[in-house]
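One-letter residues, chain by chain:
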Amino acid sequence: MDVTIAILVTGLTNGALYALATLGLSLVWGSMGMLNMAHGSMLALGGYMVFTVAVSLGLPVWAGFIGAAAAGAVFGGLLYLGVVRPLLKAGGPGFETSVMIATVGIAIGLENALLLVYGGRPLPQPFAVPGSVQLGAGVMPWLNAVIVIVAFVVMAVMGYLIAKTKMGRAIRATAQNRDAALLMGVPVERTYLQVLGLAGALAGICGVLLSSITQLSPTLGADPMLKAFIMCVVAGLGNLPGAVIAAFGLALIEAAVQFALGARWGFPVLLMLVIAILIWRPNGLFGRAQIRRM
Amino acid sequence: MAEHKTPALAVDGLSAGYDGPDVLHGISLTVPKGQIVTVVGPNGHGKSTLLRTISGLTRLRQGRILAEGREIQKLRPHQVAAAGIAHVPQGDLLFPEMTVYENLLMGAYTTPVAETVEKRLDFVYGLLPRLKERHGQIASSLSGGERRMVGIGRGLMAGGDVMMIDEPSLGLAPLVIEQIYEVIGQLRAEGRTILLVEENPARVAHLSDVMHLLDDGRIVWSGAPQDLLEREELLSTYLGG
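From first to last, the protein sequence lines stand for chains A and B.
Using the UniProt record's numbering, the letters of the first sequence map in sequence onto residues 1 to 294.
Using the UniProt record's numbering, the letters of the second sequence map in sequence onto residues 1 to 241.
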């Protein structure tokens, strides 16, 4: 019984974190066919921002959240203006490859910039929630509950933005048919800027939550980024609701395997599962051939 | 002296193409307000390229494009749309995962006033009642004729000064083609300004005020529709020679 609670607590917490990371990746892929390899380092940026705002500047932690989201959004915007837009302008069929390689470079640059500014020693995270609650035979730290709640609030806001607002409609329209969106008068470049800004803000918040259960290091985003990518693929690239479902599903399975067979089996089992899913459904669980869905 | 009326849309000496040589060579035509001007010609002779160039999707190499006398050839596609040129593209290019209603709303993207959008939506639903029935349905699940109607409805939602419609009969069954052209006939009766592209001249002759015959990227004949059907250029354009 206490194992079940532990699996649920770990699985749901990780699921919430993976879901936020996956959402950012999937949003960018779905709308512009761009695999953002710098997403992981943007998670780290968010984590360090909350440290700067809440510890170095001494502001309250909620301001740190805003600072992290803003830093992520600004970085995403700069990434678009400095790297993605020139590559898109260059045109040709090689965009998906060149932008992937370029963002690997950006990731390395950002991680090393963080290393330069903050040093290599792991730093404590100012965002912490003390205490825990007894659930039957198990224990749930309040921090985990807060992580899951914040993640759901952020996802609900994102869902509203994408599904109900004019900006969200323009983002989906651009993803589904770029030429048609242009003919409707959508300034597609501005839409791409918004997408990378939103993805950056998501990465920033995700980074704060993530570093609160681990610790701050420039490479803290690498492992979640890898898993988020796997979840994107399992869901079908670009499918946002699917990405969230896949994130929670795989996180719960990973947690269950870790408790049942030992921590080192978590990732291999996850990978085997992914391979099996992709053999069964090559376009992902919710994906369709040749259609980017948002 | 009567003031010379500025046409809603004018193209002057337009040349354009894709990566290779020019597809269009020195095209000139005007679309006066309240008229339907039709460009006919066989497939692959540049009709769609003409509309895409006016919209800014295909690069213009030479010439001028004027909307209400204002040069628009340097504008980006979304700016052309905002300048009042609505383009109903070939093959519909709907947003496949959006509902009919959302597709129509996208048509009014450049219209900021909610009441105006509502008014246009009422007009479109009145003209195309089928769309009202299907407003919550995902576009990719519609029939070909319904998709075409969404495309036309989306173009009308822009409330532009000129509507360019690219081969509305393409790929539809004869009965459905008739329905689509009935709708365009209603728009004509309303006094809308339309630049229409069509492969089959006989199908649009009764709707058009002026027709242009496009052959290999050049306009080889222009005039009243009843004259075109008797011209020998028509035969040589379609049958070669």
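Take the hints with a grain of salt, since some may be wrong.
To be verified - Heads up, simulated DSS-like pairs for lysine-lysine below, C-alpha to C-alpha not over 30 Å straight-line:
| hint | chain 1 | residue 1 | chain 2 | residue 2 |
| --- | --- | --- | --- | --- |
| 1 | B | K132 | A | K89 |
| 2 | A | K89 | B | K119 |
| 3 | A | K164 | B | K119 |
| 4 | A | K166 | B | K5 |
Unchecked claim - Chain B side only, calculated, beta carbon under 10 Å to chain A, not exhaustive:
| hint | residue |
| --- | --- |
| 5 | G69 |
| 6 | E71 |
| 7 | I72 |
| 8 | V88 |
These aren't lab readings, by the way, just hints derived from the structure by calculation.
Here a beta-carbon is modelled for each residue, glycine too, at the ideal position from N, C-alpha and C.
Here is what the structure says about each hint:
1. K132(B) to K89(A): Distance ~40 Å between K132(B) and K89(A) Cα, so the pair is violated.
2. K89(A) to K119(B): Violated, at about 38 Å.
3. K164(A) to K119(B): holds (20 Å)
4. K166(A) to K5(B): violated (37 Å)
5. G69: violated (21 Å)
6. E71: For E71(B), the interface hint is violated, since the closest Cβ of chain A sits about 19 Å away, which is over 10 Å.
7. I72: violated (13 Å)
8. V88: holds (9 Å)
This entry does not satisfy hints 1, 2, 4, 5, 6 and 7, going by the numbered hints stated previously.
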